[in-house]
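Q: For reference, the chains in residue letters:
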Amino acid sequence: MAIIIEGKTLELVRIADDSEDNRETLSDDLRDADFTAEPLDGPFLTLQDLLRAVTEGADAAVCDHHLAPRNYAPCTGAELLGRCYDLGFPSVLVTKREKSNIDQIRPFRSKIPALIPTEDVNTDAIIKGWEVCIGEFNQKFIPARRSWSAVLRVDYVYTSGQQTEVDVILPAWNSDEIVKLSLEMFPENIRKHVRPEERFFAKVNLGAENQYDLYFENIDYRGK
Amino acid sequence: MTRVHLRFATDILKRFGEELNPNPDQGILELVKNAYDADAHYCHITLTDIESPGGTIEVSDDGDGMDDEDIENGWLVLGRSPKSASERTRLGRIPAGSKGLGRLAALRMGAVATLRTFPRNNPYKEYELAIDWSKFEQADVVEDVTLTLHSRTQSNLLNHGSVVTMSGVRSGLTRGDVKRLARGLLLLADPFGEDKIGFHPKLKAPEFVDLEKLVESKYFNDAEFHLEAVVDGKGRVSAKVTDFKGEELFSADHQEIRSESKDSYRCPPCKFDLWIFILSRDKFITRAATQDEVKVWLKEFGGVHIYVNGLRVAPYGNPGNDWLDMNLRRASHPEHVPSTNTSIGRISVTDLNDSLLQKTDRSGLIEGDAFHELREMAQQVLAWMARERMRAWQLIRTEDRIEAPKNVDDAKTQLTNALRRLAPAVREKVTRPFEAYERARDKEAQGLRKEVQLYRTLSTAGIAASVFAHESRNPIKLILQNTRQVVRRAREHLAKSYDSVLDKPLSRILRQSEMLSSFTNLTLSFIDHEKRRVGRVNVHDRITEVLKVFDTLLKERQVSVSLKLTSGNPYLRGTDAAMESILTNLIVNSLQAFETMPPGPRRIQISSEIQGSKLVLTVSDSGPGIKEISLKNIWLPGETTHANGTGLGLTIVHDSVRDLGGFVTAHAKSELGGAQFVVELPILGA
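Line by line, the protein sequences give chains A and B.
In terms of the numbering used here, the first sequence opens at residue 24 and continues consecutively.
In terms of the numbering used here, the second sequence opens at residue 13 and continues consecutively.
Keep in mind the hints are simulated off the structure, nothing from the lab.
Given the structure is predicted, the values throughout are model-derived calculations rather than measurements.
Using N, Cα and C, we set each Cβ at its ideal position, and we do this for glycine too.
Pairs of lysine-lysine residues, derived as DSS-like cross-links and limited to a Cα-Cα distance of at most 30 Å, are as follows:
(1) B:Lys-639 / A:Lys-203
(2) A:Lys-122 / B:Lys-462
(3) B:Lys-455 / A:Lys-122
(4) B:Lys-639 / A:Lys-215
(5) B:Lys-644 / B:Lys-455
(6) A:Lys-151 / B:Lys-516
(7) A:Lys-119 / B:Lys-489
(8) A:Lys-122 / B:Lys-567
(9) A:Lys-215 / B:Lys-462
(10) B:Lys-639 / B:Lys-567
Label-pair restraints from in silico Cβ distances:
(11) B:His-482 / A:Arg-120: 23 to 33 Å
(12) B:Ala-473 / A:Thr-187: 20 to 30 Å
(13) A:Lys-215 / B:Asp-553: 49 to 59 Å
(14) A:Gly-111 / B:Asp-553: 56 to 66 Å
(15) A:Lys-215 / B:Glu-683: 39 to 49 Å
When you get a sec, could you build the whole thing from the sequences and use the hints?
A: Put into structure tokens, the structure is as follows:
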């Protein structure tokens with residue numbers, strides 16, 4: 024049995040995960056919901072190889088964020104989903120809700136409409152995720168995903184080892200909450216301005232309920 | 013009917029003498045204890061030409077001496093049980109008398125033993141008895157040799173006491189024997205306290221002069237702390253600790269010290285004194301004694317000695333005898349727990365009921381209930397003191413933390429004022445370097461604060477991980493147990509359809525639970541406190557152990573490990589924890605490196621090689637090598653190229669290697685293609 028979302032039929036689902044038990048478990052869940060599930064055995068030597076395996080001939084995908092630990096693929100699930108989004112291929116990302124994961128995912132978050140915490144994975148959540156994806160492909164954004172122009176103020180810049188983190192405050196979203204961005208998210212030509220009290224502009228989904236779901240696009244510096 | 017008797021072959025004298033009491037000093041000490049029992053005030057031990065066979069040993073005292081009956085029914089009777097402690101001597105001493113076997117050993121040290129004695133109760137008499145041991149060697153049974161007791165009238169009526177002489181000493185006494193004897197004599201009558209019992213054994217030998225001087229030094233006033241604990245007649249303990257000024261720091265009653273069990277101690281009444289020294293230069297600046305003098309003194313006499321009814325019982329407090337496990341306990345809190353090298357003490361027991369009996373071979377007390385309780389009391393008192401000192405230290409630390417920034421500010425103000433008073437030209441020259449110094453210091457302080465915070469966070473994570481790992485064991489066990497139960501029942505009820513419906517998911521539950529169980533064990537294996545004890549570390553055993561712990565994870569991550577270990581079992585002195593920290597962090601470093609490269613073979617190679625007195629341990633991997641960070645920076649805390657890295661792993665490797673007296677170098681590329689770490693450690697053997 025397949026489901027139809029906004030006229031698009033979803034039947035064959037591919038599953039990418041570096042843990043065989045995870046792939047098989049998810050596949051069995053989807054089969055129980057009458058999808059045709061195909062767990063993808065690795066390894067994949069490039070992101071392109073994995074993208075092809077996930078999308079060719081399939082209708083949708085479910086992907087884990089960490090694909091490298093068990094020698095599966097040289098990229099993250101977030102990178103893969105960014106490419107799937109560009110192809111208009113509905114896919115959901117599964118990951119633990121850990122700060123380090125969210126920081127890694129944030130640069131791709133605008134192209135990841137559905138992120139499901141590991142402990143909440145079930146077929147209903149997956150189908151709902153695909154619905155959000157297909158909606159966005161048809162330019163229908165749910166409130167939590169719609170982007171707005173917003174000002175972000177740099178609160179603190181913190182360098183630890185090789186990484187530089189930038190604490191920013193989004194007054195239009197929540198003036199009491201610090202959001203951490205990596206310096207790499209700022210275009211290279213404006214990074215020199217990244218200092219406490221400096222203000223930047225960006226497209227941000229201000230309707231996000233929590234900062235795990237926030238995304239930032241087109242970060243720009245317009246001077247003092 | 014024929015009347016017969018048990019008889020003893022003369023060989024029995026050898027069995028009970030030399031073989032049961034192998035150390036000559038113990039035998040002589042038994043003769044000295046006889047003098048104590050005879051209410052002597054002085055006892056002189058004279059050694060003449062004893063370095064080689066043929067010399068003479070003489071033990072003389074000013075005690076009550078013996079008459080013919082005492083000699084025949086006491087001194088010559090071997091193996092009789094000691095007198096009851098409740099029968100006091102004329103001076104009120106509790107007799108230390110033994111079964112006479114130690115005395116036999118001493119008497120047999122020479123070819124001939126002679127006793128001359130002048131009884132106090134018969135001042136006109138003198139008795140003399142000679143035992144020629146060669147006659148026993150010619151006889152079959154002990155009774156075949158007749159001894160002759162001579163008596164004569166003596167003229168010096170003030171003279172009383174006994175003189176025992178062993179002439180023609182069979183084998184010479186080494187310097188070690190004499191030193192042990194001198195030490196035993198000095199400590200016999202509690203030289204640490206006041207002279208309550210008035211008994212002074214004295215050895216005429218050069219070793220004695222040095223040691224006597226040393227023991228008389230009595231550096232008790234230089235101790236930082238004095239612990240006093242008293243167990244009363246009901247077995248209830250109370251204790252207090254005073255500082256070097258005699259002011260009380262902490263005190264506790266029975267309940268606080270005994271903690272878990274509130275029972276009384278089932279040991280005789282006693283007093284436990286311990287003087288604890290802090291052997292650091294700054295503590296001795298204002299003291300009369302030097303740190304080195306106290307160190308030498310403690311090295312000779314340090315530890316906790318036991319005195320039963322006034323006389324010392326060896327070997328407690330002898331060098332190398334740590335009957336209270338003080339050194340072991342010190343390993344966990346070196347600042348707050350005394351060791352036998354930093355403290356000296358005694359437990360004085362009043363044992364009127366013979367609860368503490370000595371072993372026949374004089375190698376200590378019989379380890380019965382009373383002895384165990386005595387030891388437990390002392391250990392619990394020491395543990396209480398350690399807790400109190402730790403608590404006091406925490407308070408000081410908190411105060412220091414509050415005071416430190418204020419002190420820095422005050423010093424800075426003083427310096428700024430001093431600079432202002434300088435001539436403008438000079439001030440300019442001094443101010444700039446000072447400001448540069450201040451910036452550098454602030455940067456360093458900031459770095460240290462970050463490092464401390466990181467260590468604290470990781471320690472908390474470690475504590476939490478160990479708690480959860482511990483608590484997870486039962487749920488994991490239950491998941492496994494119940495799943496196996498479901499498998500059993502499902503197979504029975506579903507028969508053929510089991511394989512297609514349930515086999516896969518249930519197998520996955522079992523597999524993942526077993527993995528979880530192995531990760532729990534991995535976490536718990538790091539917190540075993542035994543691993544933090546300093547001792548012999550067998551390097552290869554540690555490698556095998558760490559790999560065993562990591563086995564499941566390595567398999568899951570598709571990593572193969574090859575070992576190229578040198579033959580033998582190289583070992584060093586340190587802690588298992590330090591060695592395991594090195595290996596664990598290097599393996600974790602490789603695992604993180606593998607995640608940053610495309611899928612492919614993942615290999616770790618661990619090799620060891622002995623080069624002279626050091627072991628070269630090499631850990632290489634087939635990862636991408638060290639890049640995006642310079643080799644000199646990889647050891648710095650907080651430096652990491654991994655998103656989830658703490659930047660502490662290699663710092664810990666560096667510090668742990670240094671703790672073990674070695675050093676570590678890193679290479680960006682190895683023959684396997686990835687990073688290589690070469691650890692050189694000094695070893696004691698292989």
